[in-house]
Amino acid sequence: MENQPVKIGKRILIADDEPHIVRTLEDLLTAEGYLVDKATDGKRAVEQAEAMMPDLILLDVMMPKLDGFEVLRRLKKNKKTMDIPVIMLTVKATSQDVEEGIKLYAEKYLTKPFSSEALLREIEKSLSIREKSK
Amino acid sequence: MTTKHESLLIVEESPVIQTLFSETFQRKGYEVHQAFDPQTGMRQYQKSPTDLVLTNIKFESGDGLAFLFELKRFDSDAAVIVLASDMDFAVARHSITYGVYDLISIPFELDHVVNTVRKAFEKKMLLERNKILIEKQASLIERLHRSYTKLKELDKLKTDFLVTISHELLTPLTSIKALAYNLVHGVVGELDPKKKEYAQIIREDADRLEEILREILNFSKLEAGKISLKQEALDIVTVIAKVTRAMVPIASQKGLTLLSRPQSGLSQGWVDRSRLEEILTNLIENAIKFTPAGGKIEIQSLQDGDYLAIKVKDTGMGIPQEHLDKVFSQFMQFHREYGPGAQGVGLGLAIVKKLVELHGGTISVESEIQKGTSFSFTLPTAESRMPAGKASK
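Going down the list, the sequences are from chains A and B.
Those letters in the first sequence? Residues 1 to 134, by my numbering.
Those letters in the second sequence? Residues 1 to 393, by my numbering.
Read the hints as simulated data drawn from the structure, not as lab findings.
With a cut-off of at most 27 Å between alpha-carbon atoms, the simulated DSS-like pairs for lysine-lysine come out as follows:
{"#": "1", "chain 1": "B", "residue 1": "Lys150", "chain 2": "B", "residue 2": "Lys326"}
{"#": "2", "chain 1": "B", "residue 1": "Lys221", "chain 2": "A", "residue 2": "Lys108"}
{"#": "3", "chain 1": "B", "residue 1": "Lys58", "chain 2": "B", "residue 2": "Lys124"}
{"#": "4", "chain 1": "A", "residue 1": "Lys108", "chain 2": "B", "residue 2": "Lys242"}
{"#": "5", "chain 1": "B", "residue 1": "Lys124", "chain 2": "B", "residue 2": "Lys47"}
{"#": "6", "chain 1": "B", "residue 1": "Lys221", "chain 2": "B", "residue 2": "Lys150"}
{"#": "7", "chain 1": "B", "residue 1": "Lys221", "chain 2": "B", "residue 2": "Lys158"}
{"#": "8", "chain 1": "A", "residue 1": "Lys43", "chain 2": "A", "residue 2": "Lys108"}
{"#": "9", "chain 1": "A", "residue 1": "Lys108", "chain 2": "B", "residue 2": "Lys230"}
{"#": "10", "chain 1": "A", "residue 1": "Lys108", "chain 2": "B", "residue 2": "Lys226"}
Sample of chain B residues at the chain A side, in silico, Cβ under 10 Å:
{"#": "11", "residue": "His167"}
{"#": "12", "residue": "Thr171"}
{"#": "13", "residue": "Leu173"}
{"#": "14", "residue": "Thr174"}
{"#": "15", "residue": "Lys177"}
{"#": "16", "residue": "Leu179"}
{"#": "17", "residue": "Ala180"}
{"#": "18", "residue": "Tyr181"}
{"#": "19", "residue": "Asn182"}
{"#": "20", "residue": "His185"}
{"#": "21", "residue": "Val187"}
{"#": "22", "residue": "Val188"}
{"#": "23", "residue": "Ala206"}
{"#": "24", "residue": "Asp207"}
From the three backbone atoms N, C-alpha and C, an ideal C-beta is built for every residue, glycine too.
Okay, chain A solo, but in the shape it has when bound (with noise of 0.2 Å):
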């Protein structure tokens, strides 16, 4: 109840091409008070990020047309995307991954699979580090 405050409103763009995927997180994201935006591959995922500025980003890092890193170099180096925070999931956990995701500044690197209450917490995490810097 405390963390409601961050969560109204807030716009939350999930990047992933497994729809089971998409479809699951954006039930549990919408059933927590957040708006959801949703894109299934690299490209769509970039521009959707410049298009409706979202508050936050769940990249996963093996997509199609531009995987989740190049995704992230995209966004990081656009003046209008840079300050979006990026929470990396995939199922690749070699530490390799890890270090190349942390370099490129994701907030967040967690595992598929994920456990919902982490990544619920990630994610308000996130949001409340953005609120303040603001």
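Put chain B on the given structure of chain A with help from the hints.
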């Protein structure tokens, strides 16, 4: 004396010597072929090669050296003894370069000829055996090499397969887990208690499945040498204390005592912190799983020269002697008599062993039925791995 009929070709012009030799060697049991000039000798040898050729070097009707040359060209393994008079000995000596076994000077003593021939047969036999052995050895090495290469390929395939399949399985598992969460937490409306219970079970089993897949991935990466340690100088007692603290609630829930007994003044270890935690967690979890209520689990640690020796000792039901050497094998599930049922895929101890060995340590197990099991492993001290004076105290 011989099992096989050893054959001898005598190439000699003099009928007297021919007769003497052929009678002598026939009596000895050899199969004797005769030729009175080199050309005939060569033709005979080409038709049916003998084990040995005894030839004069000098002929009225031909060239002894040319005969040797041709013989060797026809059969490089041909065994030849050359007879030569003092006059021709220098020439005969030259024949050594053609691979002649031995030289006999004329005049000769018959006994000497017989001995030389016998020795030549022996030498020929040994050389042949040796050749067969070398060929056999070469083919064995070749086969061994092929099997090894094949096994290595298969092992790599297995590892790649495990990695791929685990990754592929984790993706659908992600939505299963998240969907079960949504159900349990009423994201799409509250469920009645029975349905909620079902959803909860789906969640728990999805978690279990995930743990198994992670274990397989972890092991495969270790197998493929893809994991490297981040070793640093560490006080292992604090790591043990941290892991123990985290496990005490689980142990107490089962009515078990869990405690750490470190020797005081232990040196720092040269250790990857998170891997040591993994090793300890694995061993303690195992001990908890296989120790009945009222039991005790003790983690002892002491200094042993350049190593720190850590022992996880339980008062569980023990492992039968015949299974002890297999506990560290991959995919080995040793079902100790009772407990909540074995979980996982039997990779835990295989992973632990690999991690200990990556540190440069060793691991062993001792067990007594109904008394308990102890897993002991060693880790290098920081001093032993760092240049003198650099280790912090």
